[in-house]
Amino acid sequence: MYRLSTKRSVFIGLSLFIPVILLLCFVIYPALDLLRMSFYRWDGVSVEQTFIGLDNYVRLFKESPDLWLSLRNNLIYFVIHTLFIPLELMFAVMLTKKLRGSNIFKSLTFMPYIVNGVAIAYAFSYFYSPINGAFNNILTLLGLENWIRNWLSDPAIVNLTLASVSVWRYSGYHVVLFFAALQSIPNDILEAATIDGAGAWQQFWRIQLPSISLVIDFTLFQNVRGALQMFDIPFVMTSGGPGYASSTFTLFTLDTAFKFDSFGMASTMAIAIIVLIVLVTLVQNKVVAVARRKGGFS
Amino acid sequence: MKDAKKLPASYTRTQQLKKALIYGVFLVVALCVIAPIIVIFFASVKDMKQMASLSPLLPPPLGEWTVSNYMGVLGSDQLLISFRNSAILVVISVTINILLGSITAFCLDRFEFRFKKLVFTLFMLGMLVPTHITEIVRFKVINGVGAYNTLMAPIIIYAASDLMQLYIFRQFVSKIPVSLDESAMLDGCGYFRMFWSIIFPLLAPASATLAIIKSVDVINDMYIPYLYMPKANLRTLTTFLMDFSGQTTGSWQKLSAAVIVIMIPTLLLYLFFQKYIFAGIVSGASKE
Amino acid sequence: MKSKRKIAALVLCTALLTSALGGCGGTQQSSSSVDSTAGGASENTAQPAADGEKVTLHYLIFDSYQAKEFAEMDMVAQFEAAHPNITVEIEKAKDSAEMENSLKIRAASNQLPDLVGNKVYMLDRFKDYLVDLSDMELTGRCPAAANFAVDGKVLGIPDRELREFVFYWEDLFTQYGVSVPETWDEFIQTAQAIKEADPNMIPIALGAKDEWTTYPFMELMPTLVANDGFLWRSMGQKDTPFAEGEGINKSYHMYEDLVAAEVFGPDPMGIGYDQAMTLFSNKQAAMFVIAGWGMDTMRENDADLTTLKSFMLPVRESESDPFRIYGGCDNFMSIFNTSEHIEEAKIFMDWYYEYFFPDFIQKVDALSAISDVEKELHPVLQEALDSRPDAEVVMYDGGDDNFNNIMAETKFDYKKLGVEMLTPGFDLDKRLEELDSAWTKARSDLGIS
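Protein chains in written order, with the working numbering: chain W, 670 to 967; chain U, 308 to 595; chain E, 7 to 455.
Hints were generated in silico from the structure; no laboratory data involved.
Note that the Cβ used here is the ideal one computed from N, Cα and C, for glycine as well.
Fair warning: there could be bad hints in the mix.
List time: in silico SDA-like cross-link candidates among lysine to any residue, alpha-carbon distance up to 20 Å [what the hints assert, rightly or not]:
1. LYS766/W to GLN385/U
2. LYS423/U to LEU386/U
3. LYS100/E to TRP299/E
4. LYS767/W to LEU386/U
5. LYS582/U to TYR842/W
6. LYS731/W to ALA444/E
7. LYS100/E to LYS423/U
8. LYS447/U to LYS74/E
9. LYS731/W to LEU438/E
10. LYS110/E to LYS325/U
11. LYS74/E to GLN385/U
12. LYS201/E to GLY183/E
13. LYS60/E to MET355/E
14. LYS100/E to LEU386/U
15. LYS326/U to MET759/W
16. LYS381/E to ALA444/E
17. LYS731/W to MET413/E
18. LYS74/E to LYS325/U
19. LYS436/E to PRO734/W
20. LYS928/W to TYR221/E
21. LYS447/E to ARG728/W
22. LYS381/E to MET79/E
23. LYS325/U to THR863/W
24. LYS766/W to GLN323/U
25. LYS582/U to LYS731/W
26. LYS133/E to THR93/E
Computed footprint of chain W on chain U; a stretch qualifies when at least three of its residues, placed anywhere within it, have a C-beta under 8 Å from a C-beta of chain W [claimed, not checked]:
27. 340 to 349
28. 361 to 370
29. 519 to 529
30. 576 to 588
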């Protein structure tokens, strides 16, 4: 037995060695270093790093209005995506109806998630272009000329435009998740409910929704992470402009680091976003739990 | 079917109406999905004059389609280089991820050992760290290893920081009966041999799923190659597209052709391996 | 047997990874294994002096036009024919901002190229890393070089001298009955007159989705109004450089007046430089403010240049004020002191300016920065220059360390500000006040006196 357990330890040790070292060197250590650097002033190039205590944190709250503007933009992505979740759910329920061709529609809905994000961003830059742009043409076709706006440059609208691209890209992903979870509900439960005279709406509310609550949790969690880390769509389509109107937290942090050489400050922002993700997730879990209790299902 | 006949006419009519409604929704959604891609495709077969004179919603008249935009993209040496780089990244990253992911999941699922809790917590922490932002620190480490401006940089990062494979593999590992490993051990197999010849083949569906999902992720990733491989001959498909957009002065039609070309590899993967992609997405989500 | 081979493959893979990871401690092993992996992907990985005496120089440039001409004129092959023991590998950055970012990262990891084509402001930023070229014979032939010396050292040799122009279509000017303006107010009025004559015509095309396109107004105009090519340096010396009466305050208000006239078309922030240039090339816009190289974009757009004309941007209040125009140098060739082949890099520089540059500069819409290489500008540009014999050239310099540090600390980004000013309801006076107080604080935080 002794020999066996030594062998076992060797196996475990050897197998886990590489993944754990990788994780430590390239994920955990950078994260810790991020925390350390948040207390320093460093330009990213020079050898000298000056310890400045909590200065960066103070400045984060007092002197970075554009950062908070960027964070508000993240919030816009979050809200829009959250509003779309019920619609995505309904669409997933429709897909489970096994109508002819519903598989094709499922494939189609998911496709945007697969294609290259940068390519999508360019495609939509063209779609929303102010000069001979497709979207404006569609509006004209529908007789809605006076809805035409400067989609990518009006600070009041640009974030909605970008969020629409994000919805286009990620909604299909949510739909497929919901669809898969819905399908895993045993058919006889639904049939029994039908025989009991439950309408589609009651079925959805009493059976389908509770059974897929785990996936909904996951989607909400992903939504928080995704919205707080939104980066590539504004990066490619507007570079955060005009001004900082469509900047996001990540975009602003990277600008702070690479454009303005303030790596210490950027680290502080990074720490702030990690804390924020954890906080929002905790709050959201609480809210979902309460809502579920009130809704009468567990 | 028999039952349906017995139902009153009004019921079938509402049923029919519902069906029509659902198809209506399907069609609207499908249109929303396809419209931007169709529009960009139309643009890619127009010449400069047609771009200005025709509505973006219309293709050029038959017989007046131009392929010169595509020739411009396909004729670029950079496209070939970037295709090769993307392919190398996909093959190596996928291999490493499958090997490391499967064996890690196996160890964490099967054995009790002293630092298991610690190792577990480390992986959980790894999930929490946001990706783009840590790069401002991570590039120091990557520099330190001498991986900056080589293909090794993304390979290392993809191997170290994406932990979805653990979830996918753990689900499959936990379904494999322990008796299988035990009987193999009784036959005198070592642990590595047992893992390699018994467990690993049983994980094939998970590996396939992971391979497809990972390939799509690697091909589509923009930020890591953009930050770590500025060298011209280290472009990937995605960074090639960004370069190309910088060079096509003012001509959407040329950029459109590039956009379409860059979309093709992942679309093909999707077309042929849809099943695996759905499976991977779903098992990545059901973590509990 | 089969499974044994598989295991061997697994072990090999693991070994490869482990050796790569050994580098966490910074061992030599790691970089060699990394190189071998990358070597499979790129034929030209840097392996100095691996095969005999052959030396590879890495030359990083940002100028797309330069890159194109290098390829078309086969510069590398020409050089290698003259110097068989040296080869040059061109690295192309996406644009100058991108190049600066990558240089910062590469400086930290000792991965700098041997040669680089710098923007003027990069000379100061990378001064610790650049070789002093003062003793090169070439430096003596470039009168402007000394102008841009940092701490008395010549850190780069520019190849071209730039001028800014306002391009316009003469037929459109005739059609709308407007003429070349002499003062800033007239410039605004000209644009307004065009708008009134034809509401569908864009008086001045601006592609402000690309923030850099506002540089004629945000970066260059202040130096002209202040009559100080070293304006950025001067600002580093002041606590409130944005206060009323300062050149930058005045020039930004002049730009504000232009913005208020709404002469940049329906959506300047929604289009990039390329699109704006396309509009101008198609005569959907009447004017375009850009350096001489803007003509190259027009040519690429297949624009018909027969009625193209240009004039110098009139940055003055009245006709009795002196007419100042911008002068700047670009594309400073520099050598990094981290290079292992500084001598070879100098050989390349000498060769470049002696044999390649004289042909190359003829194809560029800019003046030659080398005194013994003659360059006549394109008639469209030369005419505009000749018509202003009274012009005083203000040589622009990119700022120094102090300025850069304060700029980083205060996040003063003039090009972005130029875009922000286009958004409705923007309060310039408020912003300038904020900038002043941030400036004062940054100077004291950074200990600049």
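Evaluated hints:
1. LYS766/W to GLN385/U: violated (47 Å)
2. LYS423/U to LEU386/U: violated (46 Å)
3. LYS100/E to TRP299/E: holds (17 Å)
4. LYS767/W to LEU386/U: Given pair LYS767/W, LEU386/U is violated - Cα atoms ~42 Å apart, limit 20 Å.
5. LYS582/U to TYR842/W: holds (14 Å)
6. LYS731/W to ALA444/E: Since the Cα atoms of LYS731/W and ALA444/E sit roughly 12 Å apart, the hinted pair holds (cutoff 20 Å).
7. LYS100/E to LYS423/U: Violated, because 47 Å separates the two Cα atoms, which is more than 20 Å.
8. LYS447/U to LYS74/E: violated (33 Å)
9. LYS731/W to LEU438/E: Holds: LYS731/W and LEU438/E sit about 19 Å apart, inside 20 Å.
10. LYS110/E to LYS325/U: Judged against 20 Å, a Cα distance of about 61 Å means the pair is violated.
11. LYS74/E to GLN385/U: This hinted pair holds, its Cα atoms lying about 14 Å apart.
12. LYS201/E to GLY183/E: This hinted pair holds, its Cα atoms lying about 12 Å apart.
13. LYS60/E to MET355/E: Satisfied, since the Cα-Cα distance of roughly 17 Å is no more than 20 Å.
14. LYS100/E to LEU386/U: Judged against 20 Å, a Cα distance of about 16 Å means the pair holds.
15. LYS326/U to MET759/W: holds (14 Å)
16. LYS381/E to ALA444/E: Roughly 45 Å separates the two Cα atoms, so the pair is violated.
17. LYS731/W to MET413/E: The given pair, whose Cα atoms are some 18 Å apart, holds under the 20 Å limit.
18. LYS74/E to LYS325/U: violated (60 Å)
19. LYS436/E to PRO734/W: holds (14 Å)
20. LYS928/W to TYR221/E: holds (17 Å)
21. LYS447/E to ARG728/W: The hint holds at about 12 Å.
22. LYS381/E to MET79/E: Since the Cα atoms of LYS381/E and MET79/E sit roughly 19 Å apart, the hinted pair holds (cutoff 20 Å).
23. LYS325/U to THR863/W: Status holds; Cα separation ~17 Å.
24. LYS766/W to GLN323/U: holds (13 Å)
25. LYS582/U to LYS731/W: violated (51 Å)
26. LYS133/E to THR93/E: violated (26 Å)
27. 340 to 349: Coverage by chain W holds here, the residue count being 7 at a Cβ distance below 8 Å.
28. 361 to 370: Held - the stretch 361 to 370 of chain U has 3 residues with a Cβ nearer than 8 Å to chain W, which meets the minimum of three.
29. 519 to 529: Held - the stretch 519 to 529 of chain U has 4 residues with a Cβ nearer than 8 Å to chain W, which meets the minimum of three.
30. 576 to 588: holds (count 6)
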